[in-house]
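*Asks:* The residues making up each chain are set out below.
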Amino acid sequence: MRVEPWLLSLALFSAQAAPTGPELDQRVEALARELRCLVCQNQSLADSSAPLAQDLKALLRRELAAGKSEEAVRQHLVARYGEVLLYKPPLHAGTALLWGAPLALAGLGLALLLRQRRRAGGEPA
Amino acid sequence: MTSPRRSFLWLLPLGLALLLFSLLARALQAGEPRTLARSAPSALLMQPAPALDLPPLDPAATLRPAQLRGQVWVLNVWASWCAPCRTELPALRALGEQARVPLVGLNYKDSAPQGLAWLRQHGNPFQLNLADAQGQVALDWGVVAVPETFVVDAQGRVRFKHSGPLTAEQVQRELLPLIERLRHAG
Amino acid sequence: MTVELGHFAVLLALLVALLQGLLPLVAGARGQALARPAAGLQFGLLALGFAALLQAFVTHDFSVAIVAAHSQRELPLLYRFSALWGGHEGSLLLWVLLLALWGALLAWRAPGRLPPAFAARVLAVLGLLGAGFLGFLLLTSNPFARLSPVPLDGHDLNPLLQDPGMALHPPLLYLGYVGLALPYAFAVAALLEGPLQGAEERWQAWTEAARPWALAAWSCLGGGILLGSFWAYYELGWGGWWFWDAVENAAFMPWLVGTALLHSLAVSARPGGAFRHWTLLLALLGFALSLLGTFLVRSGVVSSVHAFASDPQRGLFILGLLGAAVLGGFGLYGWRALQLRAPAPAKPLQLGSRAGLLMLNNVLLAAACGTVLLGTLYPLVLDALGAPPISVGAPYFDTVFVPLMLPLLALLGLGPWRRWDAHEPWQAQRPLLPLALGAVASAVVGALVWQQGLGFALGLAAGLWVLASTLALALRGSWATWRGGPRPPLPRWGQWLAHAGLGLFVLGVTASRHFEQTHEFSLATGQGLHAGALHVTLESVRTAQGTNYRALQAQVRVEGPEGQRWLLQPEKRLYGPRQVVMTEAALQRQFGRDLYLSLGEALPDGRWSLRLQVKPGMTAIWLGALAIALGGGLAAWGRRQPRPQLGQQAAPTGVPTPKEPGTAPPLDLLPPPLRGIP
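Residue numbers (the working numbering), protein chains in the order written: chain X, 1 to 125; chain B, 126 to 311; chain V, 312 to 989.
Watch out, some of these pointers could steer you wrong.
Said to hold, decoys possible - Heads up, incomplete: computed chain V residues facing chain B, CB under 7 Å, no partners named:
hint	residue
1	612
2	623
3	626
4	627
5	630
6	634
7	637
8	691
9	695
To be verified - Once the Cα atoms are required to be at most 35 Å apart in a straight line, the calculated DSBU-like pairs of lysine-lysine come out as:
hint	chain 1	residue 1	chain 2	residue 2
10	X	57	B	286
11	X	57	X	88
12	X	88	X	68
13	X	68	B	286
14	B	234	X	88
15	X	68	B	234
16	B	286	X	88
17	B	286	B	234
18	X	57	X	68
19	B	234	X	57
Just so you know, these hints were derived from the structure itself, not from any lab. Backbone N, C-alpha and C define an ideal beta-carbon position, used for all residues, glycine too.
Let the hints inform the model, and build the full structure from the sequences given.
*Replies:* Structure, rendered in structure tokens:
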């Protein structure tokens, strides 16, 4: 799924021409897995056989083959379908809580734990 | 006997739990889970309407896309293979007549003969029909289902999107007032 | 007639559950004596009801509504059984049956291992839970409802569920889900008994007693999740095995908390009873998450391919049950925790001790669980606030979960080597240094050789470190035995198996994520092409027939770089009355990697679209996860007899009973209904 590292190195070594063949396949696949099929119950574009999903995948392929970056294609689609299309929520004020939660929760738990170093009985206060 | 700090530590998780319950209860009340297609507001609201670079379905059409500039108009996405499109035709026709707006039809993933036959059979409420045989332009408009209806203002911005067939009630309650407002504003 | 008898049996079971729930708590010693027989009777009655419905399914009695909805005449026998839990009503009956089963098992094993009064209270809590769910079942989701007129044939079981793995998945998963009710009941019973401070023996007894049950439930839950993933992988045709779907998360969250609970119990069961509060809270939280999971799956508030048909009324009932259980349990805890000021601690926590490291990892597990919960519910939050909707899917969860788990894996390799309570100087772990350095070095080399990035190196290092550390522990234990020392007890083997399994799992996931390839192409019959290092030829497409389906089967020959040849036969199946189309992918399993081929649509020009995935590391994933679940089961089995207390002779009954009234809590601290109960 995360094939970017070796793809990047390939991209660097190859000419600045637009991608074709297997590299394009992998990039389309990787991007399609990040995008949601809006007419399905909860599936990515990569896994859905719905006609709309097929159309969008074809659009992905065209845009990537034309040399556009993943980010540009994502923006293009979000402008038309909204952020709900992305399975990875973009980071802004509305999603700050979502993205900050893991660190915040771990930090909170650690703080509670350290407070209890003084109490072997395990009182939470 | 109990320290206030400890009490606070108990109120916090309890408060969070109550928050969780109210969230879940509210989610229940929202009723039947709406599909994303219908509930997501259009990402195009207040954005310039995408171009309609398409051949007309009927070469003898009277209206040209360029003539739409400067006025409020309605785009309806339909197809001959779409059953709900047939049921919304009366409401659509009423909209066109009462609001006196141009109705533009986007024939989605259809063949010209079948589209024309459908119009002949059920009546053509549209002033102009464009053929989007591959569905590419529809992708530009963020179409996820058929039928869908858009309202575009005189400045060329998308102001309204509805996914699914229109009802007569919706036309009366929502669309007619909206179009009036847009006309007077623009 | 049998069905009505079954219905009556379930009604009686509700009555028995109510009695089981209330009498031990309010009727003194005599009420307590009724708890065990009541638990057994409840299970027996529910088993009768279940059997009555099974018979209806096997004999194609379409006058019963759920049989008509989920079965049909050509359905093979095995699936006639599993169709019983293929829909909401039947699966709920399975749920209460398994809850009663756990209760009956506890009732059977309690004498001599648990103080009678305490055991009675635990069974009472289980009885109340059972009564709640039976009420829900009978009022809103009656599986015994009849249909009139009787249809000639049924609607058929969803073809997705017509599979041995899927037949077994709900029972195993539910065993885990409802099994977490046992630690919950232990916690509530302990809270009902008296304040948390003091009464060290009582505390230690219940912690020790709860461990095998928690381990068994956790093991079943892990096995159920594994089976679900394994089935989804080979059955659903998209080649994935974990999607972070809301329903999957609903099962994963209790598992995460269960893991934390197991380790917290290990700390609290030691003399000194450290972190008893954390253990109690985790026990309460585990089952609360089970209930939350039930709610999410059956209420329809989240969109998922796994969810049952939504019904807000049912959702409201479950929400009520969830609320009662959570507020009841946590409220009780809060009341008890606030009652007395804690005494001065015996010894402060050392973060570098095994106990400290375990608690650190528990913090990480809890944070991970909280993150998954937030991610799953976030779309609901935004919807409630009226904001535009967003999607929270696999990319988000993968991004946040891994950074939480990496420190956990690092500490996991270190923890079992450390002393339990004291902070040993770090030099004592010098023998581990070569292992750690070896893991890191291998990871760096691997990343360079295979041209992968930091993510790959970290995953490889973490997996190797955990594996190496655990293997070293096992070797050291075996070596000591060989030299004449005592054999490591079974729970220790369980721990090693589970930890090693985790290491293997991490390696598998790392390989899978970084080396997976997908090729999509279309071929005409007789045509072939190169996909990566493989050569794929579509030989033919023909029709095939199954018991209750017709299929289009493609014969595809795949050739490897060293001349290996495989024949893959992906299918598209058309099932029964519903005429549902299913993609049956062809799976070629090898030790190192799987070949996954699914048949797509027929194109207008006569070619067929195919999707080939090369998936390395799958064997490691399945074996690793299996080892985790089995390790837990092994440990559960090993703890089925309680340990004799330190400094005491092993009593024939095994568990010291709480001392006589001298150490009972002062009466005025107990609420009125609990006075008079020893």
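*Asks:* Work down the list of hints and note, for each, if the structure agrees.
*Replies:* Comparing the hints with the structure gives:
{"no.": "1", "hint": "612", "result": "4 Å, holds"}
{"no.": "2", "hint": "623", "result": "5 Å, holds"}
{"no.": "3", "hint": "626", "result": "5 Å, holds"}
{"no.": "4", "hint": "627", "result": "6 Å, holds"}
{"no.": "5", "hint": "630", "result": "6 Å, holds"}
{"no.": "6", "hint": "634", "result": "6 Å, holds"}
{"no.": "7", "hint": "637", "result": "6 Å, holds"}
{"no.": "8", "hint": "691", "result": "5 Å, holds"}
{"no.": "9", "hint": "695", "result": "5 Å, holds"}
{"no.": "10", "hint": "X:57 <-> B:286", "result": "24 Å, holds"}
{"no.": "11", "hint": "X:57 <-> X:88", "result": "17 Å, holds"}
{"no.": "12", "hint": "X:88 <-> X:68", "result": "20 Å, holds"}
{"no.": "13", "hint": "X:68 <-> B:286", "result": "29 Å, holds"}
{"no.": "14", "hint": "B:234 <-> X:88", "result": "30 Å, holds"}
{"no.": "15", "hint": "X:68 <-> B:234", "result": "26 Å, holds"}
{"no.": "16", "hint": "B:286 <-> X:88", "result": "25 Å, holds"}
{"no.": "17", "hint": "B:286 <-> B:234", "result": "20 Å, holds"}
{"no.": "18", "hint": "X:57 <-> X:68", "result": "15 Å, holds"}
{"no.": "19", "hint": "B:234 <-> X:57", "result": "16 Å, holds"}
Hint violations for this structure: none, all hints satisfied.
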